[in-house]
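Asker: Whole structure, please, built from the sequences with the hints as guidance.
If you read the protein sequences in the order shown, they are chains A and B.
FYI, the numbering for the first sequence is 350 to 398, going by this note's numbering.
FYI, the numbering for the second sequence is 77 to 450, going by this note's numbering.
These aren't lab readings, by the way, just hints derived from the structure by calculation.
Hints are not guaranteed to be accurate.
In silico DSS-like pairs for lysine-lysine, Cα to Cα no more than 25 Å straight-line [claimed, not checked]: (1) B:Lys-406 x B:Lys-384; (2) B:Lys-91 x B:Lys-253; (3) B:Lys-406 x B:Lys-258; (4) A:Lys-380 x B:Lys-253; (5) A:Lys-380 x B:Lys-268; (6) B:Lys-268 x B:Lys-109; (7) B:Lys-253 x B:Lys-382; (8) A:Lys-389 x B:Lys-275; (9) B:Lys-258 x B:Lys-91; (10) B:Lys-91 x B:Lys-268; (11) B:Lys-253 x B:Lys-375; (12) A:Lys-380 x B:Lys-272; (13) B:Lys-253 x B:Lys-384; (14) B:Lys-275 x B:Lys-91; (15) A:Lys-380 x B:Lys-275; (16) B:Lys-268 x A:Lys-389; (17) B:Lys-384 x A:Lys-389; (18) B:Lys-406 x B:Lys-109; (19) B:Lys-108 x B:Lys-406; (20) B:Lys-268 x B:Lys-406; (21) B:Lys-108 x B:Lys-258; (22) A:Lys-380 x B:Lys-382; (23) B:Lys-351 x B:Lys-375; (24) B:Lys-384 x A:Lys-380; (25) B:Lys-258 x B:Lys-384; (26) B:Lys-268 x B:Lys-384; (27) B:Lys-384 x B:Lys-272.
Since this is a predicted model, take the numbers as computed values, not measurements.
In case you want the letters, here they are:
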Amino acid sequence: MSETVAQALQVMSIGLPVMFGVIILFMILCKVLVALFPDKGEQDWNKLI
Amino acid sequence: MLQELWIGIFGLTWKHLVMYLVGFGLIYLAIKKDYEPLLLMPIGFGAILSNIPFSSAVGEHGPLTTLLKAGILNELFPVLIFIAIGAMIDFTPLIRNPLMMVFGAAAQFGIFATIVVAALLNFPLNEAAAVGIIGAADGPTTIYVANKFARSLLGPLSVAAYSYMSLVPIIQPPVIKALTTKNERMIRMPYKEGVKVSKTVRILFPIVVTIIAGIIAPISVALVGFLMFGNLIRECGVVERLSQAAQNELANLVTLLLGITIGGTMTAEEFLNLKTIMVMAMGLVAFIFDTAGGVIVAKIMNLFLKEKINPMIGAAGISAFPMAGRVVAKMALQEDRNNFIIMHAIGANVSGQIGSIIAGGVVLAVVGAMLGVK
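Answerer: Encoded structure:
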């Protein structure tokens, strides 16, 4: 196996888990944001500030 | 003296004529077939301009060279387009149903698989990474990463990316059908309105995503940050003029200049070689692997879920918006006239926008670290 192929496999073995990890983080972020700031009509943003 | 007057004719070679055909071909596809006309038409014409012998459009002081330095080599044009894209995206369906984000990630599998395939075909790592990023199915991301790692391949990579994005309705269905059964394609997914997303959340989402993504991979801040900035000016509701300008004037102006400048890089010497053909082939491989990755992840998820997902939704996670979502929704209707999965498909498609820039940022960070590129 050439060094470049080994490096490419390394990119995949690091990149895929990192990408999925970040996406899962964003999924959790969505749930947290929606739970923390439920929709109460148009005044909710004004109340926050 | 005569030779000076007719340098254009004496300088013409068969390679220039081939490039005129390439330019004509792209313009034809754009106008007659409606294949990504906003990009392919300017790229096609730029290719013609740059292949006229001794063209004043290119060369040291040519306008296309000036635009190349002003907007492509410094990565300005792609990031400006990200503002426009961000202003056009509504992340509400995604925030409401964040599970769809998994498909936005799964459908980027083609990027990494293609990097490996390109390495197997003896592309050096920097070029393999640039070729793999075609799988992001996102023009600005492709141009941004290509510019960092393989400037000489900018022309063929852009043409490949935009061509295959417009060919999604042809590329995806055979791959989806090969990986799914009829029963799986007929799985219904009733749409539930779900929790309402407040304006506060829609404002905080782009800000927090930028901070998180930026801290994890600082090299991705230009990509993620500008996309999310565009989204913020859309969602905040107090800069409607800027939002409209981003979605219209900015998008149109930068697209126009980007296209013709990319075309201007497609000189015969740079474009007519075996590598270009291999790049085009790799682009197709990337899109196939993307589609397969999304579908397979959906099928794996179905092993654990009570309420099954139609595995075609996984294929909608590709970033070609809204084409991929529409293709999947249409295929579902073809199998079952009453199976409407368009809302889920569009949710997955929107997630592809985030998935593609995160994948782009990850490739920039990992390959950049290996190659010492900042």
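Asker: If a hint holds in the structure, say so; if it doesn't, say that too.
Answerer: Consistency of the hints with the structure:
no., hint, result
1, B:Lys-406 x B:Lys-384, "19 Å, holds"
2, B:Lys-91 x B:Lys-253, "40 Å, violated"
3, B:Lys-406 x B:Lys-258, "14 Å, holds"
4, A:Lys-380 x B:Lys-253, "33 Å, violated"
5, A:Lys-380 x B:Lys-268, "17 Å, holds"
6, B:Lys-268 x B:Lys-109, "37 Å, violated"
7, B:Lys-253 x B:Lys-382, "23 Å, holds"
8, A:Lys-389 x B:Lys-275, "9 Å, holds"
9, B:Lys-258 x B:Lys-91, "48 Å, violated"
10, B:Lys-91 x B:Lys-268, "57 Å, violated"
11, B:Lys-253 x B:Lys-375, "13 Å, holds"
12, A:Lys-380 x B:Lys-272, "12 Å, holds"
13, B:Lys-253 x B:Lys-384, "18 Å, holds"
14, B:Lys-275 x B:Lys-91, "56 Å, violated"
15, A:Lys-380 x B:Lys-275, "15 Å, holds"
16, B:Lys-268 x A:Lys-389, "20 Å, holds"
17, B:Lys-384 x A:Lys-389, "32 Å, violated"
18, B:Lys-406 x B:Lys-109, "20 Å, holds"
19, B:Lys-108 x B:Lys-406, "23 Å, holds"
20, B:Lys-268 x B:Lys-406, "20 Å, holds"
21, B:Lys-108 x B:Lys-258, "34 Å, violated"
22, A:Lys-380 x B:Lys-382, "21 Å, holds"
23, B:Lys-351 x B:Lys-375, "36 Å, violated"
24, B:Lys-384 x A:Lys-380, "21 Å, holds"
25, B:Lys-258 x B:Lys-384, "14 Å, holds"
26, B:Lys-268 x B:Lys-384, "14 Å, holds"
27, B:Lys-384 x B:Lys-272, "23 Å, holds"
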